[in-house]
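There are 2 protein chains.
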Amino acid sequence: MTNNAGASRAARGRRPPQGEPVIDRAFALLTAFTEDRRSLTLAELSRVTGTPPSTTLRLARRLVHWGALERDADGRYVVGLRLWEVASLAPRAHGLRRVALPYMEDLYEATHQHVLLAVRDGTDALLVERLSAHAAIDVLYRVGGRLPLHSTGVGLVLLAHAEPDFQDEVLAQALTHEPEGVPLSSAALRRSLAEIRGTGVAVVNRAEPVPLHAVAAPVRGADGEVVAALSVVVPAGHAEPRVLAPALRATARALSRSLGAVTGPPAPAQGSLLRRR
Amino acid sequence: MTNNAGASRAARGRRPPQGEPVIDRAFALLTAFTEDRRSLTLAELSRVTGTPPSTTLRLARRLVHWGALERDADGRYVVGLRLWEVASLAPRAHGLRRVALPYMEDLYEATHQHVLLAVRDGTDALLVERLSAHAAIDVLYRVGGRLPLHSTGVGLVLLAHAEPDFQDEVLAQALTHEPEGVPLSSAALRRSLAEIRGTGVAVVNRAEPVPLHAVAAPVRGADGEVVAALSVVVPAGHAEPRVLAPALRATARALSRSLGAVTGPPAPAQGSLLRRR
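Line by line, the protein sequences give chains A and B. All residue numbers for the first sequence refer to the working numbering, where the first residue is 89 and numbers rise by one. All residue numbers for the second sequence refer to the working numbering, where the first residue is 89 and numbers rise by one.
No wet-lab data here; the hints were simulated from the structure. Being a predicted model, the structure only gives us computed values, none of them experimental. Every residue, glycine too, gets a C-beta built ideally from N, C-alpha and C. Please note that the accuracy of each hint is not assured.
[Unchecked claim] Example chain B residues on the side facing chain A (calculated, C-beta under 8 Å, incomplete):
#, residue
1, Val152
2, Arg164
3, Val167
4, Leu171
5, His182
6, Arg186
7, Pro190
8, Leu214
9, His222
10, Asp256
11, Ala260
12, Ala295
13, Val298
I would like the entire structure built from these sequences, with the hints used as guidance.
Put into structure tokens, the structure is as follows:
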């Protein structure tokens, strides 16, 4: 979530406090938890958020009361099951996921590797769902985690279909392929985005940390806007991207129809696909 | 989450307000969203929570600022993607689910119907994950939804392995099979729970609304405690519960080992299974 300093600034700019600093502090406590920091002691919570210990204790108790936080077996604070219960009603995450899951299963059965579903949130892609086999190659991303838009299959699809002003903003930055750290020119990225729109899929061929292909396609909502991206990630040599692309296109279109999108004739299957290296 | 009146009482009983009523009101707004009420106008939020409109507006804005709420295309409030992002760190929900998903995939491939994963929360089972095929029979439960302990496969497993005092509390209530509304005697339920502990699986055969079998098995954490229940739900005639039971037991044990449980010799496979009708 937004960092606490930004939140406080916005609160000051807009209206008198009237109790909102308490909400800001409560959310600062909740957002202190990250993938690398899944459990925190009271002292850690206080230090990470810059909240006085007595205030931290009072707020943490209140959050535990609501089930937004829980204590684990060691007495450390963790994010609570009841926060997840409320959050499971978020339309852009679980709502979308609920409709998408059977389609993701179809793709999973065809590949037995990874199937990803992501939505755009700000300047990142947020991974809403991932189906993975036991024996699948390692991928870097977890459900609830963020992926770069410019160097992942789902990210490129979301970026290719974002509003032009937003694309310009991303293209104006100094970008590198992740995780390799190879610079990416804005002209090359712009060509890639046009190609993704033309072919209906993004193909990313990655050599590091393990050689893999990702093939991603856009998912449209009732108003025709791209609301998500669906992809499969397979190890190099497992299946050719050109074989996977039609399955991705067809499945993404079927899911789009389930979401109420009126899908036109399929995009032409020919045309060169994006090559990363 | 806890209802607002309870939360306020607890706050009054424990310590002076010092701003916590704001947190209680904020969480009352968040918990106003339910499966049947996934989007709310400001007026509805105000009415449902009993919060004055001006306060509701102020708090809702603050929650939108933090991404805990969002406005949909119609301007209605919905639960936000960023709340889900934080909640995805909840160890008892997504943490468990992350470890369990490949095992659930294995069961899914064997049955192509429904595979459920649930944890106990208070007097309910909370559905943490569900894999379902396109063509699967209708089931009543969604991810993030609550299931009765005494009349579902996962619920019975969780109840059978709950602390004795808690079992007594549940058994003391007037219980009916849901959704049929058939009364369930505490003696019969107590026998069922003992049988579930003995055989290592719960089997529920349901006639309404569609004839189905559910077979469920316990999942243990590092300390040997039952932390979750795994089940498959199949239409009657699709596969016999006695055929599914060994797969459930084996998969639940494999998942338990992944969670750090030291699993002993398998439970005896013979023994009559619980029959619901």
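So, as I understand it, the hint says Leu214 of chain B touches chain A; can you test that by seeing if any CB pair is closer than 8 Å? holds (6 Å)
Please check whether His182 of chain B passes as an interface residue: C-beta within 8 Å of a C-beta belonging to chain A. holds (6 Å)
Agreement of hint Asp256 of chain B with chain A interface, Cβ distance less than 8 Å: violated (24 Å)
Classify the hint on Ala295 of chain B as holds or violated, based on whether any CB of chain A lies nearer than 8 Å to its CB. violated (26 Å)
Holds or violated: is there a CB of chain A closer than 8 Å to the CB of Arg186 of chain B? holds (7 Å)
Classify the hint on Arg164 of chain B as holds or violated, based on whether any CB of chain A lies nearer than 8 Å to its CB. Status violated, d = 10 Å.
Quick check on His222 of chain B please, does its C-beta sit within 8 Å of some C-beta on chain A? holds (4 Å)
Closest C-beta approach of Leu171 of chain B to chain A relative to 8 Å, hint status: Result: holds, 5 Å to nearest chain A Cβ.
Using the nearest Cβ pair, does Val152 of chain B come within less than 8 Å of chain A? Status violated, d = 11 Å.
Have a go at the Ala260 of chain B hint: is there a Cβ in chain A nearer than 8 Å to its own Cβ? violated (25 Å)
Does Pro190 of chain B pass the interface hint, meaning its C-beta sits closer than 8 Å to a C-beta of chain A? holds (4 Å)
Under the criterion of a CB-CB separation shorter than 8 Å, is Val298 of chain B in contact with chain A as hinted? Where the cut-off is 8 Å and the nearest Cβ of chain A is about 18 Å from Val298 of chain B, the hint is violated.
Consistency note: the structure conflicts with the earlier hints numbered 1, 2, 10, 11, 12 and 13.
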